[in-house]
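For reference, the chains in residue letters:
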Amino acid sequence: MATTTKEPPSAGAAKTPRPPKKERDVQGSGRLSALLLSPTIMVLALVVGYPVIAAFRESLYKRGEVLDAQGFIVESERFVGLDNYTAIFSGENADAFWNAFYNTTFFLVVTVSLETVIGVAMALIMHQALRGRAFVRASILVPWAIPTAISGLLWRWIFQTDGVANAIIGRQILWTTDGFHAKLGIIVAETWKTAPFIGLLVLAGLQMIPREVYEAAKVDGASAFEQFRRITLPLVKPALLVAVLFRMLDALRMFDLPFVLIGPNKDSVETLTMIAWQEANNLRYGPAAAYATVLFVYIAVLAYLFVKLLGADVIGEARQQRKPSAKRKKLGKVSA
Amino acid sequence: MRFTPIVGVVVGLALTVSACGGDDGGDDGGGGTAKQSTEAQLSGRGPITFVSGKDTSGNRQKQVDAWNKDHPNEQARIIELPESADQQREQMIQNAQTKSDAYTILNMDVVWTAEFAANRWLTDLPKSQFDVSAMLPPTVATAQYRDRLYAVPLNADGGLLYYRKDLLDAAGVKEAPKTWDEVWAACDKVTKTSEGKGVSCYAGQFDKYEGLTVNVSEVINGAGGSVVDASGKPTVNTPEAKKGLDVLVQAVKDGRIPKQAITFKEEEGRRYFESGKLLFHRQWPYQYALANKKGTSKVVDKFAVAPLPGVSGPGASTLGGHNLAISAFAKNKATAADFIKFITSEESQRADLLATSQAPPNAALYDDPELVKKFPYLPTLKASILGAKPRPIVVKYGDVTTAIQEETYNAITGKTPSDQALSSLQTKLGQLIQP
Amino acid sequence: MTAVTAPGAAKSPRASKGAWRRRLLYAGVALVVGYCLVPFYWMIVSAFRRPANQFENTPLPAPFSLENFSAVFNPDNGFGRSLVNSVVVAGVTTVLTLIVGVFTAYALARLDFRFKNALLGIIIATSMFPGISQIVPLLKLFTDIEWMNTYQAMILPSLGFALPLAVWNLNVFFRQLPFELEQAAMVDGCSRGQAFRKIIIPLAAPGVFTTAIITFIAAWNEFLIARTMVNEKDMQTATVAISKFTGSATFDQPFGTQMAAGVVVTVPLVVMVLIFQRRIIAGLTAGGVK
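Protein chains in written order, with the numbering used here: chain U, 1 to 336; chain Y, 1 to 435; chain A, 1 to 290.
Worth flagging that the hints you see were computed from the coordinates, not collected in a lab.
Every residue gets a Cβ at the ideal spot worked out from N, C-alpha and C, and that includes glycine.
Careful: at least some of the hints might be erroneous.
Derived pair list, reagent style DSS-like, types lysine-lysine, alpha-carbon separation capped at 27 Å [said to hold, decoys possible]:
| hint | chain 1 | residue 1 | chain 2 | residue 2 |
| --- | --- | --- | --- | --- |
| 1 | Y | K233 | Y | K389 |
| 2 | Y | K428 | U | K62 |
| 3 | Y | K298 | Y | K62 |
| 4 | A | K233 | Y | K331 |
| 5 | Y | K277 | Y | K178 |
| 6 | Y | K54 | A | K233 |
| 7 | Y | K174 | Y | K62 |
| 8 | Y | K62 | Y | K331 |
| 9 | Y | K69 | A | K116 |
| 10 | Y | K341 | Y | K62 |
| 11 | Y | K197 | Y | K293 |
| 12 | Y | K165 | Y | K293 |
| 13 | Y | K127 | Y | K382 |
| 14 | U | K183 | Y | K165 |
| 15 | A | K116 | U | K308 |
| 16 | Y | K265 | U | K183 |
| 17 | U | K183 | Y | K259 |
| 18 | Y | K178 | Y | K189 |
| 19 | Y | K165 | Y | K259 |
| 20 | Y | K127 | U | K62 |
| 21 | Y | K127 | Y | K331 |
| 22 | Y | K233 | Y | K302 |
| 23 | Y | K298 | U | K183 |
| 24 | Y | K298 | Y | K165 |
| 25 | A | K233 | Y | K341 |
| 26 | Y | K265 | Y | K341 |
| 27 | Y | K54 | Y | K165 |
| 28 | Y | K382 | Y | K341 |
| 29 | A | K233 | U | K218 |
| 30 | Y | K54 | Y | K415 |
| 31 | A | K233 | Y | K62 |
| 32 | Y | K165 | Y | K331 |
| 33 | Y | K293 | Y | K277 |
According to the in silico footprint, chain A covers these stretches of chain U (three or more CB under 8 Å from chain A) [to be verified]:
| hint | region |
| --- | --- |
| 34 | 78-92 |
| 35 | 102-114 |
| 36 | 146-154 |
| 37 | 163-172 |
A partial selection of chain A residues facing chain U, derived with a Cβ cut-off under 7 Å [stated by the list, open to error]:
| hint | residue |
| --- | --- |
| 38 | V38 |
| 39 | Y41 |
| 40 | I44 |
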């Protein structure tokens, strides 16, 4: 992709690009990468890996199912294989699961699309704004910086029966009751809070684009829209994709906002994470872990598809970097 | 951002961890407790922790300071938990799952006792050591599981019927209503007067949360029904239970309960009552002082309280409140026992009531003239608590209350007919409650 | 939107078109600022109301009151101390995340090794499990190694939560920089480390800085771990302190106090980011011009 096409603006160092010294790179590169990668791997293995594996194991067991004669729970652990998983898809559980699955997916699609559009617009405007840029940047940080629990409360306040939302629209909508309006409330609050996340990351991507690229395009007489489509978008795409990808992961695990704003056990906003929480909250750890694992798989599949379909330049480009000749050809194409 | 709090989800992992240790997970952990068949010995002296949501007045810290002054070698430290009851329970369970001795005394909601006791997370309290005879019997019942005492009541809560005395007077209704029919009749009279025009008739806590379980249990009990019978079997599929639930269903349908009341928790209802738009309100005692606060409330000195109404006579409140228990994994249980006795003594409870207006379990305080002068609702509250029914004392309380909320919310919002909701609730409860 | 897309275009002196464009731009700015700040404004207004008037919908607090703020800083809450703890935890987490994340991202972007994509996949996969899975095993672990009530018990998990995004994001930014730059520098006698420090980091400054902001905010707002691993008041962070606020009675929700606390934790954060933004970016780029 076109991500490697530009000359950095003020890089005095790039006077004479020479062919890379391949041998030197490869030599010791393995050991160096091991050294550089190991802290991340260690931290993640300890903080995330170990608990996740423990959870997966848990999902294959059931415990605490029966009471003894004196009313105590018999502490026994029973291996049940995939029973906790099959139980998710049978009987009444299945209805609840598919409802939550639908809600989760619905929130994902709607909120992430809205956030992407709003976030990109924010970034473009911030990038343009000459005066008051610092102020704009500060204000965009605000929704993102407010702790989730607090912003959940703020929105619950806004959406309550005698709250300001109803005062403004002049109707009495019972936002926190089951129904589509509850979904709407979540979407508004969630989009407000997280669009700045995409905005910030995309802005950083925009700042990496050298002005020279645009100057060249302008000489060619490209319209503003064409510049956006042909230059801005491709160049900012990697940053945008990472932002959207991580937003997806968060949106799929949405929990606090529906919980605080609308409340648990309300079908129209129940997400998969909320079901998992509900199970664990009632001490059914095996089923809870099974729900969490199913959600994990769902997220992994979506993330994989996302990267495969859209994100070639995020992940798969490493090899291409090694071919400076190909790159220089492209470079010439754009800046010519 | 990325930290979705499902705290609980993998609370269970702790079990994984402990399972590897290969012990059977009884109440080991600390001061050498015996098997559950004999009464636990409370041994061990030294520092303890008092684990609780923050008290609203700061009085608790004063009590702890007083204790610490007299017990230099058995210092108590308060561990404050978040304000939300769900989060308090979560953290207590996490600590139990890891068998941590960080928590000594647990300040628990009355409905958690069975679950905690059945999981052996609590220390069995010898009845010989803890004299609870001076306390109101229904509060003591919430501290027991299968006839064993696992906690000592710290404070009690019972529902009251708040009513607008000024409006009833204006409409010529002399007495507070005792039955639902009287409630609706009084309401019809009041709304016909000029003062009572546009006033909503009745509200309680009807959002889909624990408050709904409380309110529904009350109407069912008030109709002579019950949620579970004395032996613990579910009994919601009865004509009495239906009669009770129908009180709410019908009142929502004909608008006597205003539409927005299905979003009410305690605070939304209180604001509505304080704004003067509500004639009758089922609410906890805490509203009494707040609704009499000048500036915020439009009903200062205009209301009074009565026992909850029933179908053919006075109703029955559901019991709320908190109990103190000792974690099974704690050290220094002897100190903990002394501390509990200290903090639940009549004297401490009196001070507590004065500082926090939290109702005490101690029966004598309700008849103390000085206290009654300050808290005029005490006699009514005493009657309410004495006639109160506990919520089902079951191990899977979380599932039970979710089922009750689910089915009755559907009935109240008109999604399913009440008999259908109750019969499906009966099935669900049958599956959840083990004999 | 399209009219404002091309950076540099606004500068072009094509008279009337430029003015029109500027107007549109300012309309856009106003829109963005309004979008972000109007709900926040409601938070501020609520914070400055008297608890007695807490539920009014007037656009300005009437009467104006600092009662909620004094409730936040009531000595009972230990809120001041909790802010310090939050700064320490979030600050250290951010620095560590950047150091560790920059190295890892550099290796992923520039070095040749096998299973690179698999590694990227594993790193992001750690962000796919519902967060709470970590809580109890970590509680058990930290109890065993006596890390309860320590900063590291909060920092290490936050580091783990922050790394996947940091690595992925930095990886993208590093990769966007032409490889020739470093190679040229290395040919000119820089070591790989020097080339990295003096060329790559300054040029990737926007990405590094944004990663820092996002990490800091995430760690600043972290709640679950901080709540679980700390039971001493002196060690609690601001979000945990806020969760413990109470109203005047049991059911009375301290909404005003919570909103005031929300303002207190948000505003300094934003101001700090603004100050650091200039300093850091200036500092980073200064190295690059050399």
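- Task: Hint by hint, work out which the structure violates, then give me just those numbers in ascending order.
- Result: 3, 7, 9, 14, 20, 22, 23, 26, 27, 29, 30, 32, 34, 35, 38, 39 and 40
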